[in-house]
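If you're matching them up, the sequences are chains A and B in order. Each residue of the first sequence is one higher than the one before, counting from 1 in UniProt numbering. Each residue of the second sequence is one higher than the one before, counting from 1 in UniProt numbering.
FYI, nobody ran anything at the bench for these hints, they're computed from the structure. Errors might be hidden in some of the hints.
Unchecked claim - Residues from chain A that face chain B, not an exhaustive set, calculated with beta carbons under 7 Å:
1) P82
2) V86
3) P142
4) S144
5) R150
6) V156
7) S159
8) C160
To be verified - Calculated Cβ distances over 10 Å to all of chain B for the following chain A residues:
9) E54
10) P63
11) A71
12) A93
13) T100
14) R141
15) P145
16) G147
17) P148
18) R161
We put the CB at the ideal spot given by N, CA and C, even for glycine.
Take a look at the letters that make up each chain.
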Amino acid sequence: MTGPARTGAQPLTADEVRARVHALPDPELPFVTLGELGVVRGVFLAPDGRMEVEFTPTFLGCPALSEITAAVAGTLAECGHPDGRVRQVLTPAWSTDRITPSGRRALAEHGIAPPGPTTAPRPVRIGLGAPCPNCGSRATRPHSPFGPTRCQSVLVCTSCRETFPYLATV
Amino acid sequence: MTTTETHGAREARGDTAGFALLAARLGDDALVLGQRLCQWITRAPTIEEDLALSNIALDLIGHARALLALSGTLDGTGRTEDDLAYGRGDREFRNTLLTALPNGDFAVTVARQLAYSHYAVLYYEALAGSAEPGLAACAARAATEVDYHRRHADGWTVRLGLGTAESGRRMQAALDRVWPYTAELFDEDDLVARLAGTGAAASPGPLRPVWRERVHAVVERAGLAVPAPRWEARGGRQGLHGEEFAPLIAELQSVHRQFPGGTW
Numbered sequence: 001m002t003g004p005a006r007t008g009a010q011p012l013t014a015d016e017v018r019a020r021v022h023a024l025p026d027p028e029l030p031f032v033t034l035g036e037l038g039v040v041r042g043v044f045l046a047p048d049g050r051m052e053v054e055f056t057p058t059f060l061g062c063p064a065l066s067e068i069t070a071a072v073a074g075t076l077a078e079c080g081h082p083d084g085r086v087r088q089v090l091t092p093a094w095s096t097d098r099i100t101p102s103g104r105r106a107l108a109e110h111g112i113a114p115p116g117p118t119t120a121p122r123p124v125r126i127g128l129g130a131p132c133p134n135c136g137s138r139a140t141r142p143h144s145p146f147g148p149t150r151c152q153s154v155l156v157c158t159s160c161r162e163t164f165p166y167l168a169t170v
Numbered sequence: 001m002t003t004t005e006t007h008g009a010r011e012a013r014g015d016t017a018g019f020a021l022l023a024a025r026l027g028d029d030a031l032v033l034g035q036r037l038c039q040w041i042t043r044a045p046t047i048e049e050d051l052a053l054s055n056i057a058l059d060l061i062g063h064a065r066a067l068l069a070l071s072g073t074l075d076g077t078g079r080t081e082d083d084l085a086y087g088r089g090d091r092e093f094r095n096t097l098l099t100a101l102p103n104g105d106f107a108v109t110v111a112r113q114l115a116y117s118h119y120a121v122l123y124y125e126a127l128a129g130s131a132e133p134g135l136a137a138c139a140a141r142a143a144t145e146v147d148y149h150r151r152h153a154d155g156w157t158v159r160l161g162l163g164t165a166e167s168g169r170r171m172q173a174a175l176d177r178v179w180p181y182t183a184e185l186f187d188e189d190d191l192v193a194r195l196a197g198t199g200a201a202a203s204p205g206p207l208r209p210v211w212r213e214r215v216h217a218v219v220e221r222a223g224l225a226v227p228a229p230r231w232e233a234r235g236g237r238q239g240l241h242g243e244e245f246a247p248l249i250a251e252l253q254s255v256h257r258q259f260p261g262g263t264w
């Protein structure tokens with residue numbers, strides 16, 4: 001809401017707005033963008049002429065929701081759409097499958113083991129076998145199913161003995 | 001046939017007042033249980049448990065926010081989730097007595113989580129087929145989240161049951177304490193009967209045998225006895241709560257009372 005007003009300038013197109021919204025950092029994992037996380041569902045000009053951004057929360061109670069909403073609304077205003085709308089869309093539900101390859105690389109570079117595919121057979125899905133982001137060892141085991149944020153669990157590496165967060169596959 | 005079905009579907013979708021009441025019940029269950037779990041923060045047995053219980057509480061409060069906001073939209077009053085959470089008196093809450101039960105020792109909290117999360121998985125999965133799209137979407141998302149909580153409760157029930165003589169004794173006592181409060185989750189009153197009758201939303205009643213089967217399997221795996229209480233506690237769905245409820249709500253609403261409309 002606090003972005004500079006683009007007085008006199010043409011409002012940006014949906015494609016341009018989309019690029020800016022995709023580039024916004026996630027409030028809890030700021031080295032990953034909203035686009036990489038796969039939470040942006042649609043950016044389009046609604047029939048009433050207002051720019052609309054739809055996004056899907058990772059979890060219903062994700063505490064970053066209001067920050068994401070405010071950041072997107074601010075971007076809309078900066079793009080010449082002060083009357084733009086930000087809407088949460090719950091279906092289809094977000095899944096870690098929506099994280100892009102560059103998002104996965106960014107997570108790994110910051111010590112968070114990226115999630116495996118949800119299409120993997122059931123036993124793999126509980127989070128066994130993510131390689132250690134510190135030493136690369138595959139000898140890791142679950143430590144706690146709950147971690148520093150709701151979307152992360154904690155694994156422990158039996159080679160270097162470090163614990164590390166893992167973006168739990170959902 | 002086709003016209004009857006179309007009429008039925010319209011009738012099912014059209015019961016917005018009914019959906020609003022149902023969403024408020026579910027939201028109140030989630031809010032009150034989430035608030036109870038928050039009382040464990042900094043007091044859980046280990047740092048991992050502190051994180052686990054607070055993460056579960058966070059999920060539940062997230063479910064409450066979505067469901068209460070939906071309720072305030074559907075009932076036409078335009079009340080927000082905050083209006084409903086902070087602006088109602090304790091007798092206006094419609095949560096089951098189970099969700100407000102005091103935490104007790106860690107085993108009591110685990111037993112309460114076991115009962116609630118198995119119920120919530122089943123009921124949310126059933127409500128994902130509701131004729132109200134907002135309710136269906138919330139339920140579908142919440143079902144996967146409470147299933148994660150269910151695994152946590154299953155794991156602890158078995159670990160405590162098979163742990164030491166003392167942990168087994170406490171887990172058994174916890175199940176005995178919580179079990180009389182589980183019946184109310186499945187009660188079929190006029191509201192759920194009406195919604196189920198038109199196909200608008202599933203009733204929790206028929207889910208009870210499946211719940212029993214699943215929960216009993218966990219209790220047996222834990223080497224414990226399934227309680228057979230001779231009484232059932234109910235009243236929360238009518239707003240008749242236990243004496244421990246008003247202080248819980250007073251604590252929940254205390255900041256809002258001191259700083260009405262405050263933002264930070």
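Taking the hints in turn, this is what the structure says about them:
Proximity of P82(A) to chain B is violated relative to the hint, the smallest CB-CB distance being about 21 Å (cut-off 7 Å). A hinted interface residue such as V86(A) counts as satisfied when its beta carbon comes closer than 7 Å to some beta carbon of chain B; here the least separation is about 15 Å, so the hint is violated. The beta carbon of P142(A) comes no nearer than 11 Å to any beta carbon in chain B, farther than 7 Å, and the hint placing it at the interface is violated. Checking S144(A) against chain B: minimum C-beta separation of about 4 Å stays under 7 Å; hint holds.
Interface restraint check: R150(A) against chain B, minimum CB-CB distance 5 Å, threshold 7 Å, status holds. Taken as an interface hint, V156(A) does not check out: its beta carbon lies about 11 Å from the nearest beta carbon of chain B, beyond 7 Å. Restraint check, S159(A) versus chain B: the minimum CB separation of about 21 Å is more than 7 Å; hint violated. For C160(A), the interface hint is violated, the least distance from its beta-carbon to any beta-carbon of chain B being 20 Å, above 7 Å.
Interface exclusion of E54(A) from chain B stands, the closest Cβ pair being 13 Å apart, more than 10 Å. With a closest Cβ-Cβ approach of about 7 Å to chain B, P63(A) is found to fall inside the 10 Å limit, against its non-interface label. For A71(A), the non-interface assignment is confirmed: its Cβ lies about 17 Å from the closest Cβ of chain B, beyond the 10 Å cut-off. The Cβ of A93(A) does not lie farther than 10 Å from every Cβ of chain B; its closest approach is about 5 Å, which violates its non-interface assignment.
Listed as outside the interface, T100(A) is consistent with that label: its C-beta sits roughly 22 Å from the nearest C-beta of chain B, beyond the 10 Å cut-off. For R141(A), the non-interface assignment is confirmed: its Cβ lies about 14 Å from the closest Cβ of chain B, beyond the 10 Å cut-off. Remark: the non-interface label on P145(A) conflicts with the geometry, its nearest Cβ contact in chain B lying 6 Å away (cut-off 10 Å). Look at G147(A): its CB is around 7 Å from the nearest CB on chain B, not clear of 10 Å, so calling it non-interface is violated.
Not every beta carbon of chain B lies more than 10 Å from that of P148(A), the smallest distance being close to 7 Å; the non-interface claim is violated. Here R161(A) stays apart from chain B, with its beta-carbon at least about 16 Å from theirs, past the 10 Å limit.
In this structure, the earlier hints numbered 1, 2, 3, 6, 7, 8, 10, 12, 15, 16 and 17 are contradicted, and the remaining ones agree with it.
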